[in-house]
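With chain C held as given, fit chain P onto it using these hints.
Protein chains in written order, with our numbering: chain C, 1 to 111; chain P, 112 to 224.
Some clues are possibly wrong.
[Unchecked claim] Just some of the chain P residues that point at chain C, by a computed CB distance under 10 Å:
1) Q149
2) H160
3) L162
4) S164
5) F214
6) G215
Simulated from the structure, these hints should not be mistaken for laboratory data. Every residue gets a Cβ at the ideal spot worked out from N, C-alpha and C, and that includes glycine.
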Amino acid sequence: DTAVSQTPKYLVTQMGNDKSIKCEQNLGHDTMYWYKQDSKKFLKIMFSYNNKELIINETVPNRFSPKSPDKAHLNLHINSLELGDSAVYFCASRGMNTEAFFGQGTRLTVV
Amino acid sequence: DAKTTQPNSMESNEEEPVHLPCNHSTISGTDYIHWYRQLPSQGPEYVIHGLTSNVNNRMASLAIAEDRKSSTLILHRATLRDAAVYYCILRSSSNFGNEKLTFGTGTRLTIIP
Numbered sequence: 001d002t003a004v005s006q007t008p009k010y011l012v013t014q015m016g017n018d019k020s021i022k023c024e025q026n027l028g029h030d031t032m033y034w035y036k037q038d039s040k041k042f043l044k045i046m047f048s049y050n051n052k053e054l055i056i057n058e059t060v061p062n063r064f065s066p067k068s069p070d071k072a073h074l075n076l077h078i079n080s081l082e083l084g085d086s087a088v089y090f091c092a093s094r095g096m097n098t099e100a101f102f103g104q105g106t107r108l109t110v111v
Numbered sequence: 112d113a114k115t116t117q118p119n120s121m122e123s124n125e126e127e128p129v130h131l132p133c134n135h136s137t138i139s140g141t142d143y144i145h146w147y148r149q150l151p152s153q154g155p156e157y158v159i160h161g162l163t164s165n166v167n168n169r170m171a172s173l174a175i176a177e178d179r180k181s182s183t184l185i186l187h188r189a190t191l192r193d194a195a196v197y198y199c200i201l202r203s204s205s206n207f208g209n210e211k212l213t214f215g216t217g218t219r220l221t222i223i224p
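Isolated chain C, as found in the complex:
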């Protein structure tokens, strides 16, 4: 069983489109995150949710809207995609006093 799974793994789309990336964790963790890894391989946190509540929003454009329907899911919706949004997006989860578990990433390419 995959602990943190993201779909899709690859996403190619045109500028201006709206797309969603889904994330699910089966670890029973309370906290989930979205990270962005750009072309220079720098990993930067975007959002953190704890028990479905937004905890951290790292000055991400309003075009990015996370949604947590329940503790096990944290989806990322992106409106009006721009070329600069091309990156690998990682979902992660963490429980109380545990390490973080990361998904395999979603490579988003905006053309």
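Chain P in isolation, oriented as in the chain C frame:
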């Protein structure tokens, strides 16, 4: 977040020990030292963490300086599968729920066959 400093890259021969250093001179008393690694085309994965004492697990050992201003991740016998970017991260234990793992640039470890 307290900052960590790591060398950009290191090389090691296969089946030899590797010592990956990390400086964290502004560490606070509630900060745990975490190490994660990212294998090519994968998400980061946890390696080890510690507070004050040295730690061992099946993947690696963590040696923490007495003043806690530096630490060293030790891979006892590197294999080709250990080639990855290794991140040293400080995580406060005093603010659960509002924590974030802040990744630096890490050390890119190359293993030479």
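Worksheet item: Tell me, which hint numbers fail for this structure?
Response: The structure breaks hints 3, 4; every other hint is satisfied.
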